[in-house]
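Undergrad: Given next are the chains, with one letter for each unit.
2 protein chains.
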Amino acid sequence: MALDEPSRDAAALIDRLAGAGRLAQRRLARSDSCERARALEAAADALRSDAPVILAANAEDVAAGEAAGLTPAMLDRLRLDADRLEGIAAAVAAVAALPDPVGQAISRDTRPNGLVLERVRIPIGLIGIIYESRPNVTADAAALCVRVGNAAILRGGSEAVRSNRAIHAAMVRGLESAGLPGEAIQLLPTQDRAAVGAMLAAAGLIDMIVPRGGKGLVARVQADARVPVLAHLDGINHTYVHAAADPDKARRIALDAKMRRTGICGAMETLLLDAAFPGSPAIVGDLVDAGCAVRGDARAQAIDPRVTPADDADWDTEYLDAVLSVAVVDGPDEAMAHIAAHGSHHTDAIVTEDADVAERFLREVDSAIVMHNASSQFADGGEFGLGAEIGIATGRLHARGPVALEGLTTYKWLVKGTGQVRG
Amino acid sequence: MALDEPSRDAAALIDRLAGAGRLAQRRLARSDSCERARALEAAADALRSDAPVILAANAEDVAAGEAAGLTPAMLDRLRLDADRLEGIAAAVAAVAALPDPVGQAISRDTRPNGLVLERVRIPIGLIGIIYESRPNVTADAAALCVRVGNAAILRGGSEAVRSNRAIHAAMVRGLESAGLPGEAIQLLPTQDRAAVGAMLAAAGLIDMIVPRGGKGLVARVQADARVPVLAHLDGINHTYVHAAADPDKARRIALDAKMRRTGICGAMETLLLDAAFPGSPAIVGDLVDAGCAVRGDARAQAIDPRVTPADDADWDTEYLDAVLSVAVVDGPDEAMAHIAAHGSHHTDAIVTEDADVAERFLREVDSAIVMHNASSQFADGGEFGLGAEIGIATGRLHARGPVALEGLTTYKWLVKGTGQVRG
Numbered sequence: 001m002a003l004d005e006p007s008r009d010a011a012a013l014i015d016r017l018a019g020a021g022r023l024a025q026r027r028l029a030r031s032d033s034c035e036r037a038r039a040l041e042a043a044a045d046a047l048r049s050d051a052p053v054i055l056a057a058n059a060e061d062v063a064a065g066e067a068a069g070l071t072p073a074m075l076d077r078l079r080l081d082a083d084r085l086e087g088i089a090a091a092v093a094a095v096a097a098l099p100d101p102v103g104q105a106i107s108r109d110t111r112p113n114g115l116v117l118e119r120v121r122i123p124i125g126l127i128g129i130i131y132e133s134r135p136n137v138t139a140d141a142a143a144l145c146v147r148v149g150n151a152a153i154l155r156g157g158s159e160a161v162r163s164n165r166a167i168h169a170a171m172v173r174g175l176e177s178a179g180l181p182g183e184a185i186q187l188l189p190t191q192d193r194a195a196v197g198a199m200l201a202a203a204g205l206i207d208m209i210v211p212r213g214g215k216g217l218v219a220r221v222q223a224d225a226r227v228p229v230l231a232h233l234d235g236i237n238h239t240y241v242h243a244a245a246d247p248d249k250a251r252r253i254a255l256d257a258k259m260r261r262t263g264i265c266g267a268m269e270t271l272l273l274d275a276a277f278p279g280s281p282a283i284v285g286d287l288v289d290a291g292c293a294v295r296g297d298a299r300a301q302a303i304d305p306r307v308t309p310a311d312d313a314d315w316d317t318e319y320l321d322a323v324l325s326v327a328v329v330d331g332p333d334e335a336m337a338h339i340a341a342h343g344s345h346h347t348d349a350i351v352t353e354d355a356d357v358a359e360r361f362l363r364e365v366d367s368a369i370v371m372h373n374a375s376s377q378f379a380d381g382g383e384f385g386l387g388a389e390i391g392i393a394t395g396r397l398h399a400r401g402p403v404a405l406e407g408l409t410t411y412k413w414l415v416k417g418t419g420q421v422r423g
Numbered sequence: 424m425a426l427d428e429p430s431r432d433a434a435a436l437i438d439r440l441a442g443a444g445r446l447a448q449r450r451l452a453r454s455d456s457c458e459r460a461r462a463l464e465a466a467a468d469a470l471r472s473d474a475p476v477i478l479a480a481n482a483e484d485v486a487a488g489e490a491a492g493l494t495p496a497m498l499d500r501l502r503l504d505a506d507r508l509e510g511i512a513a514a515v516a517a518v519a520a521l522p523d524p525v526g527q528a529i530s531r532d533t534r535p536n537g538l539v540l541e542r543v544r545i546p547i548g549l550i551g552i553i554y555e556s557r558p559n560v561t562a563d564a565a566a567l568c569v570r571v572g573n574a575a576i577l578r579g580g581s582e583a584v585r586s587n588r589a590i591h592a593a594m595v596r597g598l599e600s601a602g603l604p605g606e607a608i609q610l611l612p613t614q615d616r617a618a619v620g621a622m623l624a625a626a627g628l629i630d631m632i633v634p635r636g637g638k639g640l641v642a643r644v645q646a647d648a649r650v651p652v653l654a655h656l657d658g659i660n661h662t663y664v665h666a667a668a669d670p671d672k673a674r675r676i677a678l679d680a681k682m683r684r685t686g687i688c689g690a691m692e693t694l695l696l697d698a699a700f701p702g703s704p705a706i707v708g709d710l711v712d713a714g715c716a717v718r719g720d721a722r723a724q725a726i727d728p729r730v731t732p733a734d735d736a737d738w739d740t741e742y743l744d745a746v747l748s749v750a751v752v753d754g755p756d757e758a759m760a761h762i763a764a765h766g767s768h769h770t771d772a773i774v775t776e777d778a779d780v781a782e783r784f785l786r787e788v789d790s791a792i793v794m795h796n797a798s799s800q801f802a803d804g805g806e807f808g809l810g811a812e813i814g815i816a817t818g819r820l821h822a823r824g825p826v827a828l829e830g831l832t833t834y835k836w837l838v839k840g841t842g843q844v845r846g
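Those protein sequence lines, which keep their order, are chains A and B.
Just so you know, the first sequence maps onto residues 1 to 423 in my numbering.
Just so you know, the second sequence maps onto residues 424 to 846 in my numbering.
These are computed hints drawn from the structure, not numbers from a lab.
Treat each hint with caution, since some may be false.
List of simulated lysine to any residue pairs, SDA-like, C-alpha gap at most 25 Å [to be verified]:
| hint | chain 1 | residue 1 | chain 2 | residue 2 |
| --- | --- | --- | --- | --- |
| 1 | A | K215 | A | I264 |
| 2 | B | K839 | A | G385 |
| 3 | A | K416 | B | A811 |
| 4 | A | K416 | B | G810 |
| 5 | B | K839 | A | R363 |
| 6 | B | K839 | A | K416 |
| 7 | A | K416 | B | D753 |
| 8 | B | K839 | A | E353 |
| 9 | B | K638 | A | R226 |
| 10 | A | K215 | A | R193 |
| 11 | B | K839 | A | A337 |
| 12 | B | K839 | A | R360 |
| 13 | B | K638 | A | R360 |
| 14 | A | K416 | B | A505 |
| 15 | B | K839 | A | E359 |
| 16 | A | K416 | B | L820 |
| 17 | B | K839 | A | T262 |
| 18 | B | K839 | A | H338 |
| 19 | A | K215 | A | W315 |
| 20 | B | K839 | A | G387 |
| 21 | B | K839 | A | V227 |
| 22 | A | K416 | B | M682 |
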């Protein structure tokens with residue numbers, strides 16, 4: 001199908017793809033866990049045996065991207081080599097090996113009238129994944145969906161269109177070789193933006209949308225979607241160093257939270273130093289020495305002459321870079337008020353040896369992830385022991401924080417009787 | 424505030440109410456479970472001591488409703504008397520006594536690096552309840568929300584406006600007397616429909632909307648809302664009587680599922696009789712004898728001369744009345760295909776003594792509630808042991824089937840470390 005399929009057909013296209021996807025999903029829902037695992041192993045094998053085709057397609061994407069003037073960072077996200085492709089295949093095989101929550105009983109109860117009630121995990125249904133330049137998402141997201149019996153409609157970035165098609169074709173061949181329907185993973189056959197709009201509007205056809213990419217993409221999806229969206233927009237993460245913090249722990253945690261990797265959503269963006277904490281100069285000094293640009297309020301500027309003034313916008317900025325805003329606060333109430341006013345409900349942490357204050361912070365801070373004496377960079381599905389993640393969510397419903405297989409399931413009630421009537 | 428507050432101010436009104444509600448909710452989130460329980464007991468007491476005021480307000484609503492020509496059924500839903508009001512107060516006290524899921528750990532894991540990860544239940548936040556003529560919802564829904572630390576914005580029907588205000592005032596006085604903020608329960612001060620529109624649009628301010636009422640209300644809310652909605656639109660519930668059904672059980676279950684109460688969402692609307700089941704004449708005979716109008720396909724009409732022809736629309740109709748559509752099917756595959764084509768994912772049941780067929784039906788039918796050898800009229804939070812329900816949901820995310828206290832919570836991750844950095 002041509003890339004320039006006209007936008008007036010977008011809704012019809014999504015109707016058709018969703019119909020095929022829902023049919024395939026019903027077949028997946030009847031498959032057992034081992035069948036789905038074997039199909040993903042076959043998909044991993046297909047990715048490996050298709051390596052020459054996939055790498056050639058990727059080389060064309062990279063060449064087109066260079067001609068189009070993509071930045072080096074974008075080209076790096078786009079580029080595959082033999083090692084990266086093996087990593088993609090290995091990740092699909094790893095998802096195949098993950099424990100499967102589908103069929104698990106969440107609760108079980110026998111009523112006085114003898115009715116047995118169970119809630120069991122089931123697939124959500126048909127999931128739309130909208131992503132940008134990294135072609136690995138084509139394999140990753142599809143594998144996570146299929147592992148728990150969901151079908152997926154994938155819409156990748158234009159710059160990776162050839163790579164995505166080659167990866168998609170291998171995945172489909174793998175599923176089909178194992179007897180599962182290839183329509184379980186469909187790649188949108190057009191890069192027309194109207195098709196994305198139609199996906200976002202397809203309430204009742206697509207059950208959930210997961211945007212994977214930069215803030216612009218996520219914001220557009222959240223603003224326009226009528227389908228429920230699982231995502232986070234910002235990770236404006238705070239670390240509050242309390243008066244009773246262990247100075248060494250606080251130094252290590254603050255440096256890691258900001259500087260280990262500055263571009264990930266779990267990176268610290270604002271450091272709140274308690275005025276009563278004596279170790280602040282060492283923390284700020286470490287950060288500046290490590291190459292971090294530190295912007296602070298008046299009291300933070302007084303800690304180290306290299307701290308530059310922060311303006312109002314700094315407290316609401318996710319830098320995703322070696323930049324940090326620092327405020328000095330008077331006690332936990334002021335710290336938590338700052339987080340409530342400026343946080344994005346992603347990951348916020350306290351460093352303290354005072355168990356009562358820690359307990360209060362954990363209870364009262366209203367974020368998907370709240371940490372005590374740990375680096376916010378642990379906000380990650382792998383680090384949480386989930387094996388993988390489809391993303392991190394900061395919405396309030398369904399699944400929060402790192403979302404992996406369990407977040408890609410829902411449940412139904414089973415009621416087992418022996419002829420009971422309500423009478 | 425006047426009832427005719429102009430609609431151009433609707434968004435500003437909802438902004439203001441939501442701001443106050445979110446502030447009150449933060450206070451509720453810090454309260455402990457006993458504090459919330461005591462506040463609801465105080466609210467129940469206030470409802471009792473305000474009985475003269477509430478009943479007088481209700482009498483005015485009823486008089487206005489009579490003058491406006493409300494139907495007897497609507498007037499009955501609207502009317503309170505001393506017994507009904509005591510029932511409302513007792514229901515609030517019963518919610519106070521329910522076990523509270525907030526603070527419960529859903530999961531707990533210690534990672535190899537020593538990090539302790541817990542998921543704990545927390546309130547959702549600010550919940551909008553949009554309902555029709557029954558004034559008891561003002562107390563019921565508010566009590567369920569507050570029990571688990573949510574704030575609520577209530578918008579009841581115009582015909583019950585005086586009753587709702589009197590009930591709301593008593594509830595607020597109860598909360599305040601126990602030291603909780605009255606703004607935890609706010610009643611929309613206007614019946615302007617634009618304010619409802621503003622509630623539905625208030626994504627990020629209101630966390631969830633629960634519509635309580637007829638299909639017209641639910642359909643409008645589902646169509647217009649940008650805020651997540653927890654509800655069901657239809658309860659087109661099927662009972663499939665398999666070839667290996669016990670004839671006596673099947674008779675009792677079918678009669679109860681249809682006729683115990685015909686107007687509730689768990690009532691059976693379509694009966695699927697297996698062609699190989701010998702007991703169909705008795706089942707159909709019972710139903711017709713009980714006053715049910717039975718409409719059937721050709722084979723169903725052949726079972727009993729009193730069965731009238733069904734047309735295409737019958738299979739997609741929720742009668743909520745003593746009317747039933749009956750189809751004869753050849754085996755479980757055809758039964759499940761009919762349910763997949765015409766069901767509303769609410770409650771579907773099989774009657775059979777064949778455990779394998781039952782297991783397959785329970786696994787494959789994609790409804791919020793799937794039953795074996797039981798009447799679909801058990802689809803109810805009280806019958807499920809939940810103590811109460813805010814409604815039944817047929818969406819795929821967050822909470823499904825009867826939704827009670829647990830469905831009014833979400834979770835956050837707590838990460839407890841000893842100085843771990845990701846390094």
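Undergrad: Of the hints given before, which are not true for this structure?
TA: 6, 13, 14 and 21
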